[in-house]
Each structure stands twice: as structure tokens, then as C-alpha cells.
Amino acid sequence: MSETSPILTMTGICKTFPGVRALSNVDFKLRAGEIHALMGENGAGKSTLIKVLTGVDKLDAGEILLDSRSILAKSPQHAQELGISTVYQEVNLCANLTVAENIFIGREPVRAGKIDWKEINKRAKKVLERLDIEIDVTQTLDTYSVAVQQMVAIARALDISSKVLILDEPTSSLDAHEVKKLFEVMRKLQSEGLGIIFVTHFLDQVYEISDRITVLRNGELVGEYETALLPKVQLVSKMIGKVLDDLSSFNKDKKTTEDARRETPYVSAKGVGHLGSINPFDLDIHKGEVLGLVGLLGSGRTETARVIFGIDKADCGEMHVQGNKTVIASAGDAMKHSMAFCPENRKTEGIISELSVRENIILALQAKRGVRKYIKRKEQEKIADDYIRLLNIKTSGKEQLIRNLSGGNQQKVILARWLVTQPDLLILDEPTRGIDVGTKAEIQKLIVRLADEGMAVMFISSELDELLRCCDRLAVIRDRNKIAELTGGELNEEVVMHTIAGGENNAGA
Amino acid sequence: MNKLQLSSKYLSLIVTIFLFFLLFALGSLKFTGFFSLQNFLNLFIDNAYLIIMAIGTTFILIAGGIDISVGAVLSLTCMLSAYLLEMKHLNPFLVMALMLLMGAAFGLIQGALIHFFKMQPFIVTLAGMFFARGMTAVISIDTIDITDKTYELIANYRIPVFGGAFISISVVIAVIALLIAAYIAHFTKFGRTAYAIGGNEQSAVLMGLSVGRTKIGIYMLGGICSTLSGIVFSFYMRSGFTLHGLGMEMESIASAVIGGTLLTGGVGSVFGTLFGVLIQGTIQTLVMFQGTLSSWWTKIAVAILLCLFIVMQSLLTARRIRKKSQVLKSDISHT
Amino acid sequence: MQGLKDRLKRWSGSRLFWPLVGLVLVLFFNLIFVEGFFSIEMKDGHLYGRIIDIVKNAGCYMLLAIGMTLVVATGGIDISVGSMCAISGAVMAALVGGELSGIPHHSYGIAIAAALAVSVVLGLWNGFLVAKLEIQPVVATLILMVAGRGIAQLVTQGQIITVYYKPYAYLGSFTPGLILPTSIFIVAIVLTMALVAVKKTSLGLFIQSAGINRTATRYSGINVKKLIYMVYGFCGLCAGVAGLVISSMVKAADGNNAGLGYEMDAILAVALGGNSMNGGRFSIMGSIIGALIIQSITTTMYALGVSPQVLPVVKAVVVISICLIQSDDFRRVLADLFKKDGRSQHEQVAVKL
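Protein chains in written order, with our numbering: chain A, 1 to 509; chain B, 510 to 844; chain C, 845 to 1197.
Treat the hints with care, since some could be wrong.
[Stated by the list, open to error] Straight-line C-alpha distance at most 27 Å; calculated BS3-like pairs for lysine-lysine:
| id | chain 1 | residue 1 | chain 2 | residue 2 |
| --- | --- | --- | --- | --- |
| 1 | A | Lys114 | A | Lys125 |
| 2 | A | Lys368 | C | Lys1044 |
| 3 | A | Lys368 | A | Lys325 |
| 4 | A | Lys58 | B | Lys627 |
| 5 | A | Lys368 | C | Lys1010 |
| 6 | A | Lys313 | C | Lys887 |
| 7 | C | Lys976 | A | Lys398 |
FYI, nobody ran anything at the bench for these hints, they're computed from the structure.
Keep in mind it's a predicted model, so treat the numbers as computed, not measured.
Required output: the full structure, derived from the provided sequences and hints.
Structural data, given as C-alpha cells:
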């Protein structure tokens, strides 16, 4: 296959956002008739690479060759005209229009001053037939499943002329059957000589469909591999990589399983799940331990936390807190049981941007105390000052608006918000993402200290290193299922990666 | 499953048409003289201005916006026409052309403010409403009667139709406007883009549609409809008065909603809106025929219908939104 | 010198600074151009004068603005307050009755209580549509706006009920023994209630928080739906009280015209008060000042002999200017006036992606 000449070559791509080097000197090659998986954890630079290619972002340096001609897309439309089409995970079509119209809108054939609907429907049918799809094209798009909608998006992309098709996380909202159908379409297009870039985080799918894999990490190219020659475990280790930080200084005394089993767990989930986000799982969390949730992006880690904290109400199973059966249907319920949850997405789920640091810190405590027991201004200020000092939050003062703080300090404020409520169970979803190494280490140390003081901590992270360093126990989540729990001697990189990769044993690292 | 969803899409429209015939049949059974061609045509004659206004409102709602300035613009049109005809003695056709031009300009400004500065349509058109209402009073606080011959002629002209029944020129204008609107909505890129914007504005941008131009164009169309409606209304009332068209924006929106236009945008048709207007007209006629019932019952009935339709829409879309939110949720955890 | 600058900066940074400047400007205009604007005289134990008039007549705007401020702070809007005024007035007038003898059918207290109870229920209905059915606030409150006039007329049987019962007029004018108009005391009571709720409990914090970031607020364990119910319910109550005052002013209940268009003035008062129309930070005092500005301008126009019907033009210009200043895009457009539209659109797509 390597003898085929590339249709798309990207060389030396660099892109810097204020404060972040998103891509540095990345190369990427796509051959005709190839399905090429682009892999990497969060912040690896996958999406930036796609955005640069499709003209959403401007590149700082580097060259893009399409059919050996240098191109520079100015906008997604321009990229499409050049022959590069993108289909996003969230279908970017109009659900209220018919299938046919979605394929042709903006390019409708006009006859005698009227849009020629007959022609549109006829052509739409033909385009979809190319993908082996037979549906009534005169129905509105929302009458069909997400899978079909995605096919329609692909059909639109193809009809506008396409040499390169980018599928950005196309399978995230599809079930197994729909994925199969999508793959059939992809193979068909592949056989027609189209180059397909496939961005996903589902390992099995990569191995099922792709010919080659390019791995990015921290904005840098790790390498390009033939899928058949790269064992899964190696792929995982390449994606996760080693994180260098100043953490060698502390080592946690791991709690043994025996210690844990002796006491009733603080929270115990039995067969709890939420349709469409996480399949039923059992999970115990004990006081004084750090339980890690490990799994690739999108595997269902966050969803597990959301169900436990009541943001998504569990639609099956039972929750027990300190041995008593209970129902947790909202964040308020969870807080009554002394739980706390630092969500993953700081901007949309964490900070109240227009409020001050003080107000952000006392928000959850106030919610817990209720509307009438208003915390006196003096007390608020004392709490805010205490926690700003305790967590070493860098702010010009407690009255500063939180949106003016750096990401790491915003994260600390959110942490403070929950620590103020003195929780027995603290759930942290990616608390160290996107913040500098120093702050990272501080937060990790804090996690361990809190557990030592008797708090139960549930820690979700994409970085294996920090999980291994901080956690007593790891629950492994894969494709929306909790598949294993690891403790004691199993807490090492190799075992974890094997488990994530699906128990494949041909390790070569 | 697919069939079920399909029918829910047109449910609103079907319910509306059914409702209209039901109401009309009810009236015909209950009151002698209700069931006559002329009584049916009167619905058009008495509501021609509302049909035209509601056409504009329908387009704006389809594109995901809202315009509450329409009633005030109608009032301004009546007043300004009266002023230009009576005080300045301008040619009546020139006056009409000027009015339409004013409507387009009014819509252009509102649309531009909404599109370029991302201001809420409600607030912008609220200001538009204040402005138009105020300008009406600036021209004259007292009623100006229109005595112009041409206006009188147009107002009194009866076009005979089948069996002695007749319609007015206003009805002809309304019907032509309706046909043009249907053509625009269904057979032009402009119309289809409006639907796309209402369905999902971000997608429309990504699909390379000219979102900005269309949005502004839609508000211009709305402005033109309001002024045309004002011209027809001035045939009907033959006067300019500061309180003309008070609260008519709500009647107009109600017509569109009862006619099956989704207030969240993307779905709707001008023919549905026509039936929305006719239903309101029929209720009014029913109340009139009843005699003992007072006029406020019309308002209550319309509001109940409005409420039913809005709640129905919200329940129908709730399922779709729930589906979407799941996709979105997983999207959030990936970005 | 430096200290003065700092102090000036602190003042101008305050939320109330610009609304106050606006009010002072209007009053200053009157000081120069309208003779005797500030004169106050004592008659029959009551104070009279233009200034007193302004405060008295601004009463209903202030009441509506208090409720509206909270609704807007949660990111909503309530366009049914005018109709709710009409209903509340109608309920009170219908219960007191229009007997020429001036003998009330039901006791005045019961009539007021019933009117306010109805208003709260109507407000909660709005809350139900917004919180539970998740209908956009403009649309949800549109229903009651349309229905309200009909309901009010239903209550009054389509007539304008004129009330001859003496105390009925107290709310809208003077109560014997009090020097100032009654509406001032009513506003003071409602305002105190609102300020206590907002400043002395955590409601203010929760409302702001929900208006800025609903998801994060929910994640912090706050019941946002309950909050929305409360806010719309309170807005209904405010509208109800305003309705009583309006009805009392004319000693009658007019289902068609009572409170007509007041929703727009209430929204305008909120905007004039320096509140963001997108929710979040709010100032009830700002809205109070906003209401005073509106009434001052109206009174000024009367004093100058300009028809108050022209007033909407002024209001329109004010609303648009305020919203333009609040619009980030407007400021950016001012900054790069020469960039084309298409360009900025792509930038927005990039941000959303």
C-alpha cells in the first residue's frame, strides 16, 4: 500500500494559540484509497490539525499539498471547494428540512425561476444510492436516526466533490449496528479511491477499519504506523505517553484491599446506569481511599460520575450511602449525602464567570445550607480568604471576577467551592487538565492529603501517571462499561494499558 | 416509529384545518345565516390586513426571530398615508409605493441591528414598536380621515364572485401576497435558507448559506408586509389614528402559531397561517352571531388555542431535544 | 489629585452611576426650562407638586420593575405584567363592587388579598411554562399577555366597573393622615421585601448565578427550577400590587386599558437601570431609578406641552442606545469598522467549533 502516492501531505504544521503551542512541526500524509486514523488524547492536537486543514484556523507555519498542489483553505466552504469535506460528530445539517434538501441546499438546481424539487429528489436518491442507502428522501431529516443523518451529511460532502473526507468522531453517538453500516459505507468509498481521515477514540473501531494510524501527543507527532503492525497496547502507550513533572517527590502509601473491605463503603452503586451514557455498573467507594476511574476519552468516565452525583438520574439499579439505600435524583440530593463534584468542563459547568471569587467559593455551601441561612458577609470573606490561602489561589483579591483568573486558579476556586462544604465523597473529573505543571502537582498532593484525612475521593483523569501515583484502586471503563477493578500490585502501567486495550496480551513495550 | 414522527410534523397543520372546519360547521348548525358563501368571504374581507401581516410574521418566526413592531408599523402607515394624502395631496399610488419603501427600510434597520450586533430580536423590535407608535403621534395625535377618491374607490369596490357574493380589492391583494409568499417560501433559495436558519443557524453557516443577508432580508420582508397590511387597513378604516393596530402584533403571532408555525423556528407555512387567521375570524363571527357573548371571549378563546398549540409544540420537540442533548453531552466530554 | 481621580473612578464604576446621571440630567433640564418644577406645597395635610407627582405616578412602574428585574436577572422576560395588572385590578373592583351607595360587596381587605392571590397564581403559571415545559420566556408569557385582557374583562363582565367606595381611591392617591402619596409607601414595602430577600438571604446570589450559568448553578446543588417558579411568582405579585394602584388611581377597573403597554415600560426601566438584558448581575435600585427617569421624562413633556404620545420615540432611541452599548459586537464593530461581515462570521464559526 505504501507505493500509492499521497493525495494529501501536511508538513511542518505549527499552530500557536495564546499561551498554548497546539501543534509543533507536525507531519501528516494521506494516500488515496486509505482510511487513516488520527489518534491522541485530549489536547494532543487532533482537532487543531483538522481545523487548520479545513480552514477554520489559520496555520502559523507549514505547508499543505493536495494532489501535489499547495493549498491554503480560507474557510470550511473554501476547503470543501478544494475537495476536503468534513463530517462532524454532531450532525451539522438542518433537521427540519428534507433529506434531499439537506444534500442540495445552497446549490439547488433552479428551473424557470423555481427550485426544481423533482430534480433535487432524483439526484439525492442517486447520491445516497452510491452509499447503498435507500430511504425516502422527501422526509424531513429528523425522522431518521443519527446514523442515517450522518450518512446524509457524508452524501452532501461527497456530492460537493471530495477527494479527502474527514470523519470527526462519527461513531460516538451510534450503536453497534449503525457503526457497522457506517463502516460499510467507508469501505465502499475507500474502494472508490477516496482518502478518509478517521478521528475517533474507540480503539476497536480503529483496528477494524483503518489502514494506518497517526498518533499525536501534546501537539507533537509521535509517529505514523501501519495498523496491522501496531499492537493495541503499544498504541495506548504511545497515546498516553510519559508525563514529566515534579512529582517524584511523593509516594503514597497504598491502602490494601483488606483495609477497605473491612468497612462499609461510603457510597455503593449496585447495577446503576443511565441509558445512552453508561451501562449498569457496580462501584464501591470507601472513606480514606482514592478511587481512580481510568479509560480513554469518551469511554464513560464522566458519565459514571454524573450518575453517582445525580446529575443524570440513574434509570436502573440502587444507590447506597453508608449502607442505607437512597435515591439520588439531583445534585442537591447528592449534596445532602455530603458528596461533591468538580465537573470536567470548567467553563460551561464550573465557573460562574461574572461572579467574584468569593461568591464562586461559597456558592455550594450556600446551596447546602439553604436559601434562608444566608452566610454573613464577614463569614463569606473569611472563608474566601482562608481557601485562597489554603489552596494558594493567585488572584488580586477575593472580589476579583473569576473569569479574570487563569485556568489553574479557576480550577482551584471550584475545588475550594466543594471543599468548603466539607464533603465525605469528593468526585474530581479531570481536575488537572489544561493547567500548569506546578498547580497540577499541588492538586495531586491535595487529593492524597484529603484521602489521608478520611475523605473518599473519586479521581477521573486521562493521565495514567497521576492516577497511578494518587490512587489506591482503579476502576477501568471501556466503551461505556466498567470492565475491571485493579488494586495493589496490579497498579502499574502495563496492566492498566492491557486492561484498557481489552485484555490483549501481545505486549511488546 | 418513523410514521408516527412524520404525522406529528404535520399534526399542527392538520389540527388547524380541522379546527377551522369544525368551528365553521358549528356556527352553521347553530345559527341561521351563518352558512353562506358571503359569510365565508367576509372572513377574508374583514381579515385581509391580518392575513398580510401574519405572512410577514410567519417568515420571521420560521427564520427563528420575532417581530413585535408590526402593529405599530401598521398604525404609522395609516397615519402617514392619511397625512400625505390629506395634507400634502400626494398621488395615492405614490403614497402606497412610499409606504412599502418605508416598510423595507424599517425592516432593514431592525434586521441589521439584530444580525450585526447580535441584539435580541424581541428588544430591537420592541424599540421599533415604540418608535413607530411614537412617530404616529408625532404626525398627528388626532384622527385624520382619508377622503381621497382613489382610496374611497378601492375601499368600496366590490368584485362579484359566484352567486351574488362579493369580495373586496383587499382580499385580492391578500391572496396575491399569499401566493407570492408561498412561492418565496417553497421555490426560492432565499425562502429555503430562511427555513434552514430557523432549523439550525450554525449548520446553515457551516453549509455555506448566506445567513446574514437572508436574516436581514426576512426582516425587510416583514416590514413590507406590515406596511402593505397598513395600506389595506387604511382602505378598511379610511383614517389614520394613533391607536390603530394596538396589540395586533400578538394577533399576528397567534395566527402563525395556531397555523402550525414553530416558535422556535424552522417549521411553518403561510397556508397554515391563513387558517390561523380564519380561525380567529370565525371565533369572532361566532361570538358576534351569538349576540349575548361578549367580545372578550374571542381573546380568551384565542389565548387558549395559543396555549394549546405552544404546549403541543413544546411536548413534540421535547423528545427531539432530549435526543439531541445526549449527543451534545458526549460532545462536551470530547472537546 | 490622584485621590480625586480614584474616587471618581469608583463612582463611575458603580452600577448605579449612569442611571443616576441620567436622572440628574432630566431633573436638571427641568430646573432650567420648566418653571416651578420643584415647588412643593401643602394642601389638606398632603404634599402636592410635580416632584411628588413623579414619585406617585412612577409607583406602578417601580413595582413592575422590581419584579421584572429579578425575572430578567435569571435570563428571562415577562411580557404579561400589563395584563396581570388588569386582572388584579378587575378582581379587586369586582369584589368591592360598583354600588353607587359606596357600600362594598366584600370587605376591602378580602378584595385586595384575592387580587394578589390571583396574581401570584398567574405568575406561577408563567413559571410553570418556563421552568417545567422549558418554553422560551417571551413565548410563554405571551400566552398570558393575550389571555389576560380577556380574563380581566371576563371578571368585570366586559364593563368598566366604577367604584364609589371611598377608601378604594386611597391606594392610588392619598390616605388620610399621611402626608405623602400612598403609592410611595407601597413601593417602599415591596422594595424592602425584595431587597431583604435579595440581600439578606442567598436568593440574590442564586438568581445571579442561574442567570449567568444555569448548568454550573445546577451542578452546585441549586434547584434552578424552583428558583424560576419563585421569581415569576414574585413578578406576578408585583404586577398584582401595581394593578391595585392603577385601578385605585382611576377608581375603576378597565379590563381593556388598565396597564396597557406597561410591560414595555417595565422592561425599559430595567434596561435604563443598567441591568444586563442577558441575565446575571442586577440592581433593583437601578431599576427604581430607571422607572423614575421614565416618569420624569413623561412629566417633563406634559409640563412643556408636548403630547406624551410622542414619548415612545424617545423611549425607542434610549432602548436601542442602551442595548447597543451593551452589545460586545457593537463595540468590536466600532473597533474594526472596516472589516467585512463575512470575515467576522467565519471567526464566529471558528469559535463555536
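Hints, verified against the model:
A threshold of 27 Å between alpha carbons decides the hint, and for Lys114/A with Lys125/A the separation of about 20 Å falls inside it, so the pair holds. With a CA separation close to 17 Å, the supplied pair Lys368/A and Lys1044/C stays within the 27 Å bound. The hinted pair formed by Lys368/A and Lys325/A meets the criterion: a straight-line CA distance of about 21 Å does not exceed 27 Å. Distance hint between Lys58/A and Lys627/B is fulfilled; the C-alpha atoms sit about 25 Å from each other, no more than 27 Å.
With a CA separation close to 50 Å, the supplied pair Lys368/A and Lys1010/C exceeds the 27 Å bound. Distance hint between Lys313/A and Lys887/C is unfulfilled; the C-alpha atoms sit about 66 Å from each other, more than 27 Å. Taken as a hint, the Lys976/C and Lys398/A pair is broken in the structure, with Cα atoms around 36 Å apart against an allowance of 27 Å.
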